[in-house]
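If you're matching them up, the sequences are chains A and B in order.
Take the first sequence: its position 514, counting from 1, is numbered 514 in full-length UniProt numbering, and each next residue is one higher.
Take the second sequence: its position 543, counting from 1, is numbered 543 in full-length UniProt numbering, and each next residue is one higher.
These are calculated hints, taken from the structure and not from any lab test.
Relax, there's no trap hidden among the hints.
Here are a few chain A residues that face chain B, going by a calculated C-beta distance under 7 Å:
{"#": "1", "residue": "D250"}
{"#": "2", "residue": "G300"}
{"#": "3", "residue": "E392"}
{"#": "4", "residue": "D424"}
{"#": "5", "residue": "N427"}
{"#": "6", "residue": "E429"}
{"#": "7", "residue": "D464"}
To list a few chain B residues with every Cβ distance to chain A over 10 Å, as calculated:
{"#": "8", "residue": "I283"}
{"#": "9", "residue": "F294"}
{"#": "10", "residue": "I305"}
{"#": "11", "residue": "S376"}
{"#": "12", "residue": "H534"}
Subject to a maximum C-alpha distance of 27 Å in a straight line, what follows is the list of computed BS3-like cross-link-like pairs (lysine-lysine):
{"#": "13", "chain 1": "B", "residue 1": "K292", "chain 2": "B", "residue 2": "K280"}
{"#": "14", "chain 1": "B", "residue 1": "K262", "chain 2": "A", "residue 2": "K497"}
{"#": "15", "chain 1": "A", "residue 1": "K501", "chain 2": "B", "residue 2": "K306"}
{"#": "16", "chain 1": "A", "residue 1": "K497", "chain 2": "B", "residue 2": "K345"}
{"#": "17", "chain 1": "B", "residue 1": "K292", "chain 2": "B", "residue 2": "K303"}
{"#": "18", "chain 1": "B", "residue 1": "K462", "chain 2": "A", "residue 2": "K123"}
{"#": "19", "chain 1": "B", "residue 1": "K303", "chain 2": "B", "residue 2": "K224"}
{"#": "20", "chain 1": "A", "residue 1": "K501", "chain 2": "A", "residue 2": "K966"}
{"#": "21", "chain 1": "B", "residue 1": "K462", "chain 2": "A", "residue 2": "K158"}
{"#": "22", "chain 1": "B", "residue 1": "K223", "chain 2": "A", "residue 2": "K485"}
{"#": "23", "chain 1": "A", "residue 1": "K497", "chain 2": "B", "residue 2": "K303"}
{"#": "24", "chain 1": "B", "residue 1": "K114", "chain 2": "B", "residue 2": "K274"}
{"#": "25", "chain 1": "B", "residue 1": "K114", "chain 2": "B", "residue 2": "K362"}
{"#": "26", "chain 1": "B", "residue 1": "K224", "chain 2": "A", "residue 2": "K501"}
{"#": "27", "chain 1": "B", "residue 1": "K194", "chain 2": "A", "residue 2": "K223"}
{"#": "28", "chain 1": "B", "residue 1": "K262", "chain 2": "B", "residue 2": "K338"}
{"#": "29", "chain 1": "A", "residue 1": "K501", "chain 2": "B", "residue 2": "K303"}
{"#": "30", "chain 1": "A", "residue 1": "K63", "chain 2": "A", "residue 2": "K46"}
{"#": "31", "chain 1": "B", "residue 1": "K224", "chain 2": "A", "residue 2": "K485"}
{"#": "32", "chain 1": "A", "residue 1": "K806", "chain 2": "A", "residue 2": "K739"}
{"#": "33", "chain 1": "A", "residue 1": "K887", "chain 2": "B", "residue 2": "K292"}
{"#": "34", "chain 1": "B", "residue 1": "K223", "chain 2": "A", "residue 2": "K501"}
{"#": "35", "chain 1": "B", "residue 1": "K345", "chain 2": "A", "residue 2": "K501"}
{"#": "36", "chain 1": "A", "residue 1": "K497", "chain 2": "B", "residue 2": "K223"}
{"#": "37", "chain 1": "B", "residue 1": "K223", "chain 2": "B", "residue 2": "K262"}
{"#": "38", "chain 1": "B", "residue 1": "K224", "chain 2": "A", "residue 2": "K497"}
{"#": "39", "chain 1": "A", "residue 1": "K501", "chain 2": "B", "residue 2": "K262"}
All values derive from a computational prediction rather than experimental measurement.
In this text, a Cβ means the ideal position worked out from N, Cα and C, and glycines have one as well.
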Amino acid sequence: MAAHLKKRVYEEFSKVVQIPHEEAPAKKLRLSKPSKSAALHIDLCKATNSTDALQYLLQFARKPVEAESVEGVVRILLEHYYKETDNSVRLKIASLLGLLSKTQGFSPDCIVDDAISTLGNEKSHQVLAQLLDTLLVIGTQLPESPTVRLRLIEVAYKHLSDTYFGVRNKCLQLLGCLGMVDAPLAKDSEAPGTSLGGVKDVQSIISNYFGDQDPRVRTAAIKAMLQLHERGMKTHQIIYDQACRLLSDDYEQVRSAAVQMVWVLSQLYPESIVPIPSSNEEIRLVDDAFGKISHMVSDGSWMVRVQAAKTLGSMLQVSPHFLEQTLDKKLMSDLRRKRTAHERAKELFASGEFSSGRKWADDAPKEKLDTNTVNLIASGACGAFVHGLEDEMFEVRIAAVEALCQLARSSPSFAEKCLDFLVDMFNDEIEEVRLQSIHVLREISMHITLREDQLDTVLAVLEDSSRDIREALHELLCYTNVSTKECIQLALLELLKNLNKYPTDRNSVWKCLKFLGSRHPTLVLPLVPELLSTHPYFDTPEPDMDDPAYIAVLVLVFNAAKSCPTMLALFSDHTFRHYAYLRDSLSHLVPPLRLPGRKQVYGLDSVDSGSGSGSVESAHLFLQQSLNRVSTIQNLEAPGAQDLLDFTIRDLQRLGELQTELAGAADFCATYLRCQLLLMKALQDKLWNMAVPLCLKQNVTATAAAQQILEETYKLEFLYSGLESRQVATIHHIRLQAKALQLILTARTRQGLDPLIGSCEKFLQEVESFQRLFLTELPHLQDSFVDKLLELMPRLSSCKPVELVKILQTTLRQSGLLQLKLPEQIHRATATIIEPTGESDNPLRFTTGLVLALDIDATLEHIQDPQNTIKVQVLYPDGQSHVIHPKPGDFRKPGPDRHRLITQVYLSHSAWTEPSQIEVRLLLAYSSSSTSLSSPSKLGWSDSIDSLPPPEAAVEGTIPLSKPVKVYIMPKPARR
Amino acid sequence: MPEIKVTPLGAGQDVGRSCILVSIGGKNIMLDCGMHMGYNDDRRFPDFSYITQNGRLTEFLDCVIISHFHLDHCGALPYMSEMVGYDGPIYMTHPTKAICPILLEDFRKITVDKKGETNFFTSQMIKDCMKKVVPLNLHQTVQVDDELEIKAYYAGHVLGAAMVHIKVGSESVVYTGDYNMTPDRHLGAAWIDKCRPDILISESTYATTIRDSKRCRERDFLKKVHESIERGGKVLIPVFALGRAQELCILLETFWERMNLKAPIYFSTGLTEKANHYYKLFITWTNQKIRKTFVQRNMFEFKHIKAFDRSYADNPGPMVVFATPGMLHAGQSLQIFKKWAGNEKNMVIMPGYCVQGTIGHKILNGQKKLEMEGRSTLDVKLQVEYMSFSAHADAKGIMQLIRMAEPRNMLLVHGEAVKMEFLKGKIEQEFSIDCYMPANGETATVTTNPSVPVDISLNLLKREMALGGPLPDPKKPRTMHGTLIMKENSLKLVSSEQALKELGLNEHQLRFTCRVQLQDPHSDTDTLHRIYTHLKSVLKGYTIQHLPDGTVMVESIVIKVSSSAEDTDTKVLLLSWSYQDEDLGSFLSTLLKKGLPSGLC
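Throw the hints in and build the complete structure from the sequences for me.
Encoded structure:
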């Protein structure tokens, strides 16, 4: 006992002694680097035991280190590392080294040697693993240094035989990330070759660890191999057998990785031939792999099942024979072959006996099976998808549905086969799965034609209470091909039922019928008399024009009639009248028809009737010509210039209405020209020649014009998508002009220099930032306002405000029109509020102090990142206005460049005496800083925020995006 | 060799009264204790006299395990424990423990109160029996005694159904009970890990069936109901109280919810209400969807399904009614059927199999006129549908489970002999493992090859490690030297020194000596030198010393030379080695017997 005590005392002493010993170099270092490293060092020296040291290190890790002092810190850490006896502290140091080498601007090649040398003396396996991890970081930081890489690989080889799994793991990871891609490292590894036993190939070394005793190492080995593959090394085909064996590993992570490995190999060597064990036959490798992965769809672990199901989807080279097996389960009952319900349904349909009542023993098994031919564990793909789609976990089912989709898109015959299964998935218990399968069916719908019984099951979903499901189904029906006129009738009936049950689906149903009609004109034709309830002899009563169901029928018929001129003969008089009405009110749903004897209608429609490419061309030409014409205006005072602009603006606006394809471009040009016109008018006014006090009124109009120009330019910049930097420069240019105008007007109206100096400086700053932002565009802006300003810049920055204003005034008046060049594609962001419609006369009543949830449904087009930019504004009659940010989850994306906002806004107000209307509209929020160079916002290890240039004055604002909708509400006083 | 014996008392090549005896590692276990639906006499219960002729079973059985609450798996339990006599532990899962007594009580009521049988177990007996039950949790290892441990796995089939893994030492058996490999609307699929048992005892009800996708049937069912409701018809679904009924309820409930339907759904009261209560409680035993959504709403708290009252049957308008019993042979379902049979708008859906002679069976076969008691006839105008929802694994499912568990032997119960035969063949062919299918009372014996665990001292292991390569190669066995000590039921492998020390023995040297005669005309010392050089050239990497006292030492082997008395040319070599160097020693002796090569100097 005494001896033991003595030993402890001695230990304590030895630590006390160490401290002064450590302090000596500290002073030296502090002299050279008065930074974080010194602080760290002192902290570390102060630490009397390992727990303290660990605490210091943990604290240290929280703070960033600047790039130039990293090396010093690393040295100190390493120094401490050698002295440290405690494993956990060494581990932390090792991990810190890795973290530090990630610092930007620090090249870690100088610490490679130290890190490698520490490896040699390290006894603790955990620390060793951490050190290897650090090396991995260093290695990935230095991708261009082959020598470092070679050394690291050598280190990895050396430690591959460690007894601790973590070390082996890291070594394999290192090999995977750094192993030589191009050539086997023959020469380099022969030098230390004795220890390697002459193995030269990275792949074979890694594949040796496929059979490691630790599952984590096995996983790491496969992952390393996959990594090599990702980095471009061609994986050898020999590995295939090993990988296949690993598919039956005991551990799920190994199996999951093995699935990936097998997949990779099947993509690399799809056509090579592998033998089937226990028989003489041979099959293609991709088929074999497909069979094996299909097998994994019934694995015990759902992670593996998901992985397998996903992987199946991307094996497109598999032979159709194998592919079709995945949907075949070979049913039997009491050893007799049985037909699946799908087959029975098909037969029933074929025999013309559709929808008969189901008979008892209708599914009675048929022929007797030979027991030898029944293969219970089917070799290969048998029924893989049947299992996948029936899986317990919805993650697997979704993966299976997606895989089906991918495979079906590339194989029409498979698409035909998987149709039944997909339709079955419409009945899944999880909505996500149902929705996904509807989407999938839509994607493959070009390959398939629905039979009547199939359509029937599809249509049953129309009654679903979920709006997403119904709309997805409408979308699906838009793309569906059906085979008979009964199908059309069935679809119409169900859609009308849907319309009746959920009136809010109106637009969606109409749209669906539009496509259904234009897709199947010949099938609709025989139905027309029945649909329009006409009679050969009797006049039937005229249907109600406001009935959505009747409109739906008309939409179907008119769209069919477009490519089936004989149909028109079947219309009765009122149908033509209704056509005219609908063509006007619902022009997006009703196509132009060639009506006999209705020349005036025909004539009116002629502009856009042939909406082929030719008319677009000519419209485009017209647009270009107008712009050219405008560009001839050089002088503002030129006679007729203003009129020309006026006319052009009018023309362009009309063009935008007529030609939807060019609406964006035309609108854009018109707005731009309007800005120009405003500017021109403001400058042209006589006020410039008069004395200031005499023209107060003109001043007011000019100020208003400048303000309006500014607003319009923000619209131009943020409302249109597809702008190139040239157009943005043009917009900024005109904004600059407007600002100059503002400045001049301020100078003229306000007395006193102080505010003027401020605004002058601000203006000059803006000119500078313009120059900075559009440096590349400046050549295009020759002879413009900015061009002239920049020439005068040296003078401007030194002169007095009054002088500056004068210069500005002359330049502004002298500068010509800047020509607008049209970009290729330009779209205007639009939004339409579908719901609320604003037609209701019944006020929504709610109790004061409580909230009313108002459902909003809107479609948005051509808006980037609507989650952040779209806001809902609610304007109360008392002028109060609320801006509400919808949740990101409220946005759906039904198509490219289209978004759908379905959200609820909460209204509340104090009591009113009578109901009144509030306005709801959508706003597009913008911020000018977002378009300028995005400020580096991340402050990680480099906390040098103060060195940044001062952020430019970001202009934030909103643009009204949709027409306001009025909602009638009535907050009632609360009853007590 | 140790053996595992399996004897079915019921369910051997048969369906009903599951009861299987397993003796493993000296322990006797009874798996399930069911009754047979088809008999009303003694054959109803398993023959417990197989275990002992008279007296109680307690001393013959270590434990009883019940897989799930169906009567053909637990119906004989009170009879066995209270009337025959068993006081040991009975294991079952929590839901089974909760629901089992309800069913037993119901069973007792029917047999005693309705059929008037005597000599049957009483309510008190059921209660007493239930007191002996020890509940199990999923994946919880329960130590029955020091050696016997059991672990339950999820089995699907019905709420609380479990597969059990029984383990004694390294021997193990898995009993599946009834299980389902495809999930349904309220339960998940059976799952087991790769436990590699010696025997997997599996049910094989659908040994020769591969079933169609469940979704088709569900969709059909829903469509039928929906169409009928839309026509304004009434739908009757006769069910048995537990299991399928809940599945169908969930199915209809969610469908109603999805499709926004308003027609009422009724559930005939009684048994079911109590059972539903337990379904609500044991959410963890249900499938993913129900488990995930129960935070917002417990799926078994039905919104659309209400309790049925007799008077509702005459209400106008569409409705759906679940009523017991399932074969339309008596009770409420029959009453409702009589009321509704006349209207062709109505529909009856039979969700299960119907025994011959019941009205259910008749109408399924298309009979249009039914004779009722009192010579009245009933015209059947309503539509009759058949929709089977079974919760047993099909042939593929069974194979899938085998693949999951990787057993060394397979044993089939709970199925028909002919069908088993087919599956047995398939299993033997696909997995190349033995498959048994004993009949009732027949014993299947499986010899096992249990591994015997031995403690090894760390020092010894490290020493051996240091000798060989750095890594143990799992594929190659290695020999090592050590001493096996068997002491007080434990085995220990230690180094010989430690063994000597522990046992207090002295070390004895064991040396082998042998003489080799050699024809060599040289002098003794020369010969010795020649041998030295010869050995030196042959044995590289060994320490060979020529000692001054006239001996050659190879490692620890001593070689001496002496001339024979009569012939000086014949040298006699004396070799001596300890037994540790046996390999080298015998090598040397054979080497020297061959003589020395002539070329030596």
